[in-house]
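A.B. asks: Please model the entire structure based on the sequences and the hints provided.
First to last, the sequence lines map onto chains B and X.
Under this note's numbering, think of the first position of the first sequence as 1242, with each following residue one higher.
Under this note's numbering, think of the first position of the second sequence as 48, with each following residue one higher.
If you are wondering where the hints come from, they were derived from the structure by calculation, not from laboratory data.
Think of the CB as a built atom: it goes at the ideal place given N, C-alpha and C, for glycine as much as any other residue.
Each hint can be trusted.
Dumping the calculated DSSO-like pairs for lysine-lysine here, alpha-carbon to alpha-carbon at most 27 Å: (1) Lys1319/B to Lys89/X; (2) Lys1265/B to Lys1309/B; (3) Lys1265/B to Lys1319/B; (4) Lys48/X to Lys115/X; (5) Lys89/X to Lys1265/B; (6) Lys89/X to Lys1309/B; (7) Lys1309/B to Lys1319/B.
Computed far set for chain B versus chain X, every beta-carbon distance over 12 Å: (8) Thr1254; (9) Ser1268; (10) Asn1293; (11) Val1294; (12) Pro1302; (13) Arg1305; (14) Ser1307; (15) Ala1308; (16) Lys1309; (17) Ser1314; (18) Phe1315; (19) Pro1322.
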Amino acid sequence: DAGVIQSPRHEVTEMGQEVTLRCKPISGHDYLFWYRQTMMRGLELLIYFNNNVPIDDSGMPEDRFSAKMPNASFSTLKIQPSEPRDSAVYFCASGENRIYGYTFGSGTRLTVV
Amino acid sequence: KQEVTQIPAALSVPEGENLVLNCSFTDSAIYNLQWFRQDPGKGLTSLLLIQSSQREQTSGRLNASLDKSSGRSTLYIAASQPGDSATYLCAVYTGTASKLTFGTGTRLQVTL
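C.D. replies: Structure representation (structure tokens):
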């Protein structure tokens, strides 16, 4: 298995633009997690899905953030409009359960200028 | 709210030294504690998982201990090597929050 695949690896965009981050989880994993990592706040859980259904989105910072999982093999995290404070590394992880054994992708480094 | 703290934030040691990384958490009602390794520009790799009923776990040169009542864990790395250079993160799964809470990590550099 190729692991959790995220795209793009790097994204530089101007403030106000829409940004879409993509994730392909490991086949057979029922859980998918989106995390954000910054120097100040470390790794924070934004949202997670179970069997394509959003379970907990309490970590989503604002309405500008939205996430979807239209099928078991694909998820997106969208920021519209983007702001400089959204600059961070965004990680996707998948797992067979929600308690341990996650596999993380390599992340998308987002820079909003 | 669960808070996880890691000390020190950064550490530099010469090759061959044994070292200890510390992790503390505020809510002792945890299901498990995990240690991860993160290399620059990469995702996280799970190193060790300690269930709440366990005291320690070992994998090769790594040994992690858990004292749930005091809210502490240590990661012991024996005979450190340059390839151990990375950021080490601890994370706890708390039932009340139903999520994994991460510390901010310890950046380790092992020099030749």
